[in-house]
Amino acid sequence: EDQVTQSPEALRLQEGESSSLNCSYTVSGLRGLFWYRQDPGKGPEFLFTLYSAGEEKEKERLKATLTKKESFLHITAPKPEDSATYLCAVRPSNFNKFYFGSGTKLNVKP
Amino acid sequence: GAVVSQHPSWVICKSGTSVKIECRSLDFQATTMFWYRQFPKQSLMLMATSNEGSKATYEQGVEKDKFLINHASLTLSTLTVTSAHPEDSSFYICSAIQSGAHYEQYFGPGTRLTVT
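The listed protein sequences correspond, in order, to chains H and B. So for the first sequence, the numbering used here puts the first residue at 1; every next one is plus one. So for the second sequence, the numbering used here puts the first residue at 111; every next one is plus one.
I should point out that these hints are in silico values taken from the structure, not numbers from a laboratory. Each residue gets a CB set at the ideal place from its N, CA and C atoms; glycine is no exception. One thing to keep in mind: the hints can contain errors.
[Claimed, not checked] Here are the simulated distance ranges between beta carbons:
| id | chain 1 | residue 1 | chain 2 | residue 2 | range |
| --- | --- | --- | --- | --- | --- |
| 1 | B | Glu132 | H | Asp39 | 39 to 45 Å |
| 2 | H | Ser93 | B | Gly171 | 32 to 38 Å |
| 3 | H | Lys59 | B | Lys124 | 41 to 47 Å |
| 4 | B | Gly171 | H | Arg12 | 33 to 39 Å |
| 5 | B | His195 | H | Gly54 | 47 to 53 Å |
[As the list claims (entries may be wrong)] Restricting the straight-line Cα-Cα distance to at most 27 Å, the calculated cross-link-like pairs of lysine-lysine (DSS-like) are:
| id | chain 1 | residue 1 | chain 2 | residue 2 |
| --- | --- | --- | --- | --- |
| 6 | B | Lys124 | H | Lys109 |
| 7 | H | Lys79 | H | Lys57 |
| 8 | H | Lys97 | H | Lys59 |
| 9 | H | Lys68 | H | Lys42 |
| 10 | H | Lys69 | B | Lys124 |
| 11 | H | Lys42 | B | Lys124 |
| 12 | H | Lys68 | H | Lys105 |
| 13 | H | Lys109 | B | Lys176 |
| 14 | H | Lys105 | B | Lys130 |
| 15 | H | Lys97 | B | Lys124 |
| 16 | B | Lys165 | H | Lys97 |
| 17 | H | Lys63 | B | Lys151 |
| 18 | H | Lys97 | B | Lys174 |
| 19 | B | Lys174 | H | Lys69 |
| 20 | H | Lys42 | B | Lys151 |
| 21 | B | Lys176 | B | Lys124 |
| 22 | H | Lys109 | H | Lys69 |
| 23 | B | Lys151 | H | Lys105 |
| 24 | H | Lys79 | H | Lys59 |
| 25 | H | Lys42 | B | Lys130 |
[What the hints assert, rightly or not] Here's a subset of chain H near chain B, in silico, CB distances under 8 Å, partners left out:
| id | residue |
| --- | --- |
| 26 | Gln3 |
| 27 | Ser7 |
| 28 | Pro8 |
| 29 | Lys42 |
| 30 | Phe46 |
| 31 | Leu50 |
| 32 | Ala53 |
| 33 | Lys57 |
| 34 | Lys69 |
| 35 | Phe72 |
| 36 | Ala84 |
| 37 | Pro92 |
| 38 | Asn96 |
| 39 | Lys97 |
| 40 | Phe98 |
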């Protein structure tokens with residue numbers, strides 16, 4: 001069964017304290033793994049797509065990496081404006097839909 | 111680029127009435143749109159997949175006669191909640207995949223539905 005698990009559920013960091021969010025997945029053929037940022041009361045904002053193990057992508061303080069079983073979203077020297085819920089989703093190769101994890105709520109304190 | 115809009119952003123309706131939510135891709139064509147529902151502090155729950163020119167595919171447990179989806183063009187999909195009840199109150203979010211793109215879906219800002 002296709003499944004996506006994110007950890008931790010919540011993460012509190014001090015400004016400047018780097019950390020990583022985890023997304024582990026079980027899917028029958030990975031067509032793509034996606035990271036999104038969601039602010040309260042808003043739709044998710046697209047961050048990254050990763051397609052194959054070993055792939056990495058960066059955007060400002062965020063870096064996403066992918067292995068055959070999991071993905072990490074590394075946050076370097078976070079700022080309070082990085083506070084949000086980060087969602088991970090996978091698209092299996094044999095289905096035209098996306099499976100979402102439950103998200104990690106990140107709170108960065110100044 | 112890749113902007114998706116939803117209208118309305120919030121709506122309050124009385125029990126028993128129907129509500130229509132529009133989802134538009136503003137600067138690209140979308141052969142596939144998705145409709146999600148999100149409960150407070152929970153992740154997105156896929157309700158249905160909408161393909162332009164064909165019937166929507168509903169997820170198990172989603173009543174297709176209650177949640178009517180129409181994907182009339184490459185830039186517009188609508189979700190109509192028929193005979194709404196308080197338990198239908200939720201945050202509804204649509205997303206669209208750009209035709210020919212590598213499966214990247216872009217989300218609308220969401221619609222908060224409250225049924226009284």
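The hints, checked one at a time:
1. B/Glu132 x H/Asp39: 39 to 45 Å: violated (22 Å)
2. H/Ser93 x B/Gly171: 32 to 38 Å: At 24 Å between Cβs, range violated.
3. H/Lys59 x B/Lys124: 41 to 47 Å: Between H/Lys59 and B/Lys124, where Cβ atoms are some 44 Å apart, the hint holds.
4. B/Gly171 x H/Arg12: 33 to 39 Å: Holds - the Cβ-Cβ distance for B/Gly171 and H/Arg12, about 35 Å, lies within 33 to 39 Å.
5. B/His195 x H/Gly54: 47 to 53 Å: Taking Cβ atoms as reference, B/His195 and H/Gly54 lie about 49 Å apart, which means the hint holds.
6. B/Lys124 x H/Lys109: violated (41 Å)
7. H/Lys79 x H/Lys57: holds (20 Å)
8. H/Lys97 x H/Lys59: holds (25 Å)
9. H/Lys68 x H/Lys42: This hinted pair is violated, its Cα atoms lying about 31 Å apart.
10. H/Lys69 x B/Lys124: Since the Cα atoms of H/Lys69 and B/Lys124 sit roughly 47 Å apart, the hinted pair is violated (cutoff 27 Å).
11. H/Lys42 x B/Lys124: The given pair, whose Cα atoms are some 24 Å apart, holds under the 27 Å limit.
12. H/Lys68 x H/Lys105: holds (24 Å)
13. H/Lys109 x B/Lys176: Not satisfied, since the Cα-Cα distance of roughly 43 Å exceeds 27 Å.
14. H/Lys105 x B/Lys130: violated (31 Å)
15. H/Lys97 x B/Lys124: violated (33 Å)
16. B/Lys165 x H/Lys97: holds (16 Å)
17. H/Lys63 x B/Lys151: Distance ~25 Å between H/Lys63 and B/Lys151 Cα, so the pair holds.
18. H/Lys97 x B/Lys174: holds (18 Å)
19. B/Lys174 x H/Lys69: violated (35 Å)
20. H/Lys42 x B/Lys151: holds (12 Å)
21. B/Lys176 x B/Lys124: Status holds; Cα separation ~16 Å.
22. H/Lys109 x H/Lys69: Roughly 31 Å separates the two Cα atoms, so the pair is violated.
23. B/Lys151 x H/Lys105: holds (9 Å)
24. H/Lys79 x H/Lys59: The hint holds at about 14 Å.
25. H/Lys42 x B/Lys130: Satisfied, since the Cα-Cα distance of roughly 19 Å is no more than 27 Å.
26. Gln3: Check failed: Cβ of H/Gln3 comes no nearer than 13 Å to chain B, outside 8 Å.
27. Ser7: Status violated, d = 13 Å.
28. Pro8: Given a least distance of 15 Å, the restraint on H/Pro8 is violated.
29. Lys42: holds (6 Å)
30. Phe46: This interface hint holds because 6 Å falls under the 8 Å limit.
31. Leu50: violated (11 Å)
32. Ala53: violated (17 Å)
33. Lys57: violated (12 Å)
34. Lys69: This hint is violated: H/Lys69 lies away from chain B, its Cβ roughly 20 Å from the closest one there, beyond 8 Å.
35. Phe72: Not OK, violated: H/Phe72 not within 8 Å of chain B, min 19 Å.
36. Ala84: This interface hint is violated because 14 Å lies over the 8 Å limit.
37. Pro92: With Cβ-Cβ at 11 Å, over 8 Å, it is violated.
38. Asn96: holds (6 Å)
39. Lys97: holds (6 Å)
40. Phe98: holds (7 Å)
In this structure, the earlier hints numbered 1, 2, 6, 9, 10, 13, 14, 15, 19, 22, 26, 27, 28, 31, 32, 33, 34, 35, 36 and 37 are contradicted, and the remaining ones agree with it.
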